[in-house]
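Here the protein sequences line up with chains A and B, keeping their order. Here the first sequence is numbered in our numbering, starting from 1 and rising by one per residue. Here the second sequence is numbered in our numbering, starting from 1 and rising by one per residue.
Calculated directly from the structure, the hints in this document are not laboratory data. Quick caveat: nothing in here was measured; it's all calculated off a predicted structure. By construction, the Cβ of each residue, glycine as well, lies at the ideal position given by its N, Cα and C atoms. One should not assume that every hint holds.
Short derived list, chain B residues pointing at chain A, Cβ under 10 Å [stated by the list, open to error]:
id, residue
1, Phe19
2, Ala201
3, Glu232
4, Asn355
5, Val360
6, Leu470
7, Gly603
8, Arg608
9, Pro613
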Amino acid sequence: MTGMRVLIAAALIALAGPVLAVQPDEMLADPALEARARELSKELRCLVCRNESIDESNADLARDLRILVRERLLAGDGDAEVIAFVTDRYGEYVLLRPQKTGVNLILWGAGPVLLILGAGIGLAHQRRNRLSRETPPEELSTAEAARLRAILQDRDP
Amino acid sequence: MIAELGHFALILAAFVALFQAVVPFIGAARGWTGWMAAAVPAATAQFLLTAGSFAALTHAFVTSDFSLKLVVENSHSLKPMLYKVSGVWGNHEGSMLLWVLILTLFGALCAWFGSDLPPGLKARVLAVQAMIAAAFFAFILFTSNPFLRLARPPMDGQDLNPLLQDPGLAFHPPFLYLGYVGLSLTFSFAVAALIEGRVDAAWGRWVRPWTLVSWMFLTVGIALGSWWAYYELGWGGFWFWDPVENASFMPWLITAALLHCAIVVEKRESLKTWTILLAILAFGFSLIGTFIVRSGVITSVHAFANDPERGVFILAILAVFMGGALTLFAARAGAMTSKGVFGLVSRESALVANNLLLAVACFVVFIGTIWPLVAELLFGRKLTVGAPFFNAAFTPFMIALAVILPVGAVLPWKRGRAGRAAAQLATAAALAEAAGLLAYAVQSGRSALAPAGIALGTWLVLGALRDLWLRTGRGEARLRRLAHLPRADWGKAVAHAGLGVTFIGIAAMTAWQVEDIRVARIGDRFEVAGYGISLDAVEDTRGPNYYTTMATMTVWDGDRPLATLHPEKRVYPVAQMPTTEAAIDNGIWRDFYLVIGDPQQGGGYAVRTYVKPFANWIWAGAIIMALGGLLSLTDRRFRVAAGAPRQRPVRPVAAE
Chain A
1 MTGMRVLIAA ALIALAGPVL AVQPDEMLAD PALEARAREL SKELRCLVCR
51 NESIDESNAD LARDLRILVR ERLLAGDGDA EVIAFVTDRY GEYVLLRPQK
101 TGVNLILWGA GPVLLILGAG IGLAHQRRNR LSRETPPEEL STAEAARLRA
151 ILQDRDP
Chain B
1 MIAELGHFAL ILAAFVALFQ AVVPFIGAAR GWTGWMAAAV PAATAQFLLT
51 AGSFAALTHA FVTSDFSLKL VVENSHSLKP MLYKVSGVWG NHEGSMLLWV
101 LILTLFGALC AWFGSDLPPG LKARVLAVQA MIAAAFFAFI LFTSNPFLRL
151 ARPPMDGQDL NPLLQDPGLA FHPPFLYLGY VGLSLTFSFA VAALIEGRVD
201 AAWGRWVRPW TLVSWMFLTV GIALGSWWAY YELGWGGFWF WDPVENASFM
251 PWLITAALLH CAIVVEKRES LKTWTILLAI LAFGFSLIGT FIVRSGVITS
301 VHAFANDPER GVFILAILAV FMGGALTLFA ARAGAMTSKG VFGLVSRESA
351 LVANNLLLAV ACFVVFIGTI WPLVAELLFG RKLTVGAPFF NAAFTPFMIA
401 LAVILPVGAV LPWKRGRAGR AAAQLATAAA LAEAAGLLAY AVQSGRSALA
451 PAGIALGTWL VLGALRDLWL RTGRGEARLR RLAHLPRADW GKAVAHAGLG
501 VTFIGIAAMT AWQVEDIRVA RIGDRFEVAG YGISLDAVED TRGPNYYTTM
551 ATMTVWDGDR PLATLHPEKR VYPVAQMPTT EAAIDNGIWR DFYLVIGDPQ
601 QGGGYAVRTY VKPFANWIWA GAIIMALGGL LSLTDRRFRV AAGAPRQRPV
651 RPVAAE
C-alpha cells in the first residue's frame with residue numbers, strides 16, 4: 001500500500017502540470033479589474049498552444065501572459081493599450097480577433113458582401129422569372145392595335 | 001493471420017470498387033441492363049469485404065495484438081474494453097477504415113433499398129459512389145495501412161490519448177462519419193443527375209431522405225463532441241471554433257441548406273441548379289473537413305498526428321472530385337429548367353433566404369478557418385482567427401435566420417401575403433417579446449445577450465407550435481387532425497423548436513454563468529450564486545489505467561444538501577498526461593460544475609465552481625432537432641417511395 005502511495009506521489013510530481021487555467025494566486029483583488037483581465041484574456045492567444053486563448057490554456061507561457069495583462073491593468077492601462085502592448089511584443093499572431101486592416105478586410109467583409117451579392121442575384125433571378133413567365137403580354141398601344149386590325153383585315157393602313 | 005485476412009479483404013474491396021465504378025457506368029451509357037445490374041452485388045460485396053476488414057482490426061484491438069503497429073501506438077492491455085473498441089477509430093488509420101466502411105455501407109443501402117430507382121440513375125449513382133470508395137481505398141492502402149506489423153512486438157502498448165478515453169468521445173466519430181460520409185451519396189445522386197441531364201420532383205424525393213439521414217447524424221455527432229468538450233476540458237465551454245469543429249460545422253450548415261432547397265425541388269420543381277450545386281458543395285466541405293483534420297495544414301487541438309503526404313493525397317481526391325463535379329455542373333446546369341414560378345413573398349422565397357443565410361454563414365466559417373493559411377501564404381501575415389472573430393462575424397446570420405424562420409414556415413407556396421403571416425404569428429411574437437422582457441427584468445442590468453437570445457428562442461419554439469396548429473385547418477376536430485398530420489409536418493415543427501431550445505441554452509448559459517475560482521481547504525464552505533459549496537474530502541486513489549486525486553464536494557441550498565460531487569484530477573502514466581474530470585450535477589434549469597485543481601502552497605486546493613443556467617438546453621435542442629429529422633424521415637411519402645411496388649414507377653410528375 002505504501003508502495004502504491006509512493007508511486008502515486010512520484011507520478012504526480014513527475015507529470016502533473018498546472019491543470020487549471022486561471023489560478024487563484026494570479027487573480028486581482030479588485031473584481032472590476034479582474035473581470036476586465038478575464039475579458040482581455042479571451043482575446044489573446046496562447047502562443048504555444050493550438051487555438052487556445054490564454055484564458056483557457058494551462059501552459060506556463062499563457063500564465064505569464066495573463067500575469068502581464070494584469071500588471072498592465074494595475075499600471076492603469078486601458079483595454080486597447082493592453083492589447084497594443086501585447087501586440088507590440090508578440091505580433092498580431094497573438095490576437096484571436098484579427099485586426100480590421102489591410103487584407104484582413106477581405107476576411108471581415110466576406111460575409112456581408114456575399115450576403116448582399118446573393119440577395120441581389122436572388123432578387124434579379126426571381127424578377128426575371130416572374131417577368132418572363134407570369135406577367136401577361138403588355139396591352140397593345142393604339143397604333144399597334146390599329147396595325148393589327150389592318151393586318152387581320154389584310155389591308156394596308 | 002486475422003490481420004492479414006483483414007488487409008487482404010481491404011485490397012479485394014478496392015478491386016470490387018474499381019469494377020463497380022466502371023461496369024455499371026458503361027452499362028448505363030449503353031443501356032445494357034446486365035451491366036447496370038452488376039452494381040448491386042458489387043456494392044454488397046464491397047460492403048461485406050470492408051466490414052470484414054474492419055472486424056479484423058477490431059479483433060486486433062480487442063485481443064491487444066501488439067504485433068500490429070497501430071495497436072501498440074493506440075492501445076494498452078489495461079484499458080477498459082469500451083476504449084479498446086473505440087480505440088479502433090481513435091487514430092488516423094482506423095478512423096479512415098471506419099470512413100470507408102460507412103461509405104460502402106451507404107452504397108450498399110442505396111443498392112438494397114433503391115429498387116424503385118430508374119435502373120440508369122441507380123447504376124450511375126452506385127458507380128460514382130464506387131469511384132469515391134476506390135479513391136479512399138487507395139488512400140488507405142498506399143498511405144495509411146492499419147495492418148502494418150512490427151518485427152519485434154513490445155510487451156505492452158502506448159495507450160490511447162486519455163482525452164479520448166471517454167464515452168462521449170467513443171461514439172462521437174462514428175456519428176460524425178455517418179453524417180460526413182452520408183453526403184457522399186447525395187453527391188453521387190447529384191453527379192448522376194448531371195450526367196443524365198435531368199432533375200425532377202422524383203429526384204428530389206430520392207435525395208432528401210439521404211440528406212436527412214446525413215444531417216441527423218451530423219447533428220448528433222456535433223452535439224456529442226460539444227457535450228464532451230463541455231464536461232471534459234475542465235471549464236465548461238461548449239464550442240471553440242477550432243478548425244476541426246469548423247470542419248464538421250461547415251457540412252452541417254450546407255446540409256441544412258440542402259435539406260430545405262431539396263424540398264423546393266420536390267414540391268415545386270424550382271431551384272434545381274442551386275440544389276445540385278449545394279449537393280456537390282456539401283460533400284466538398286466534408287472532404288475539406290477530412291483534409292483539415294488529417295493534413296495538419298491548419299493546426300488544431302484535436303487533429304490526428306498527421307503528415308504532408310496524406311494531406312496531398314486527400315487534396316488530390318478533393319481536386320479530382322470537386323473539379324470533375326463542378327466542371328460537369330458548369331456544362332450541364334443550363335439543362336435544368338425550373339418549372340415552378342413564385343412571388344416575392346412566398347415559401348419559396350423564404351427558403352431561398354434560408355439558403356442564402358446558411359450558405360453565407362458557412363462561407364464565413366470557411367474563410368475564417370483557412371484565413372491564417374491564406375494570409376501567411378499570399379500576404380506574409382502571420383495571424384490568428386479565433387473565437388472572437390467567429391462570434392462577431394457568424395452570429396448575425398444566425399440571428400437573421402431565427403427572425404425569418406417562423407414567418408417563412410407559415411407562408412404558403414407560390415404567393416403569400418406578408419400581412420396574413422404577420423397576423424398569424426402576432427401572438428407568438430408578443431409572447432416571445434414578453435419572454436425577452438422577463439429575462440431582462442430577472443437579470444437586472446447585464447448584457448442584452450440573454451434577453452435577445454431567449455426572445456429569439458421562444459419565438460422559434462412558439463412559431464413552430466403555431467405552424468403546427470395552423471396546419472390543422474379550421475373548425476371542429478382540429479386536435480384529432482393534429483394527430484393525423486403528415487409526419488413531415490411534425491418533423492419540421494419539432495426540428496425548428498429544437499433550434500429554438502438550443503438558442504435559449506446558448507444565450508442563457510453564455511450570459512448568465514457564474515464562475516468562482518478560489519483556494520479552499522478541506523472543511524471550507526463558500527457561497528457561489530446563492531448556493532453553498534463545501535469541500536469535504538480529497539483522496540488519492542487509482543483507476544484501471546490511471547491515478548486520481550478525487551475530491552468530495554457538496555452543493556447546498558441553505559441547509560439542504562442538493563448534490564454530492566466528485567471532481568477528479570487524473571494522471572495517465574503510460575500516456576504521461578494529466579486530465580481534469582469535472583463533476584457536474586445536471587439539471588434542467590442549471591448545472592453545477594465543479595473542478596478540483598492543484599494543492600496550493602500553504603494548504604488547500606485550487607477549486608473552480610461554475611453555475612451554468614440552461615446548459616443542457618444546448619444539447620437537448622440538438623437532440624430535438626435530430627428527432628425532428630427522424631420524424632420527417634418516417635413520413636409516408638418516403639416510405640412509399642422506398643417500398644413502392646415496381647408496377648407503379650414514380651414518374652417525374654410535377655408535384656402540384
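Satisfaction of the Val360(B) interface hint, Cβ to chain A closer than 10 Å
The hint holds - Val360(B) has a Cβ within 10 Å of chain A, the shortest such distance being about 5 Å.
Under 10 Å is the threshold here; is the Cβ of Phe19(B) close enough to any Cβ of chain A for the hint to stand?
Status violated, d = 42 Å.
Under 10 Å, Cβ to Cβ, is where Asn355(B) needs to be relative to chain A, so tell me if that hint holds or is violated.
9 Å, holds
Hint check: is the beta carbon of Glu232(B) less than 10 Å from a beta carbon of chain A?
12 Å, violated
Min Cβ distance, Arg608(B) to chain A: is it shorter than 10 Å?
6 Å, holds
If you take the shortest Cβ to Cβ gap from Leu470(B) to chain A, is it below 10 Å?
Violated, because the Cβ-Cβ distance from Leu470(B) to chain A comes to roughly 25 Å (cut-off 10 Å).
Close enough to count: is the Cβ of Gly603(B) nearer than 10 Å to one in chain A?
With a minimum Cβ separation of about 13 Å from chain A (threshold 10 Å), the hint on Gly603(B) is violated.
Holds or violated: Pro613(B) as interface residue toward chain A, Cβ cutoff 10 Å?
19 Å, violated
Taking 10 Å as the limit, does the beta-carbon of Ala201(B) come near enough to a beta-carbon in chain A?
18 Å, violated
Checked against the numbered hints above, the structure violates hints 1, 2, 3, 6, 7, 9; every other hint is satisfied.
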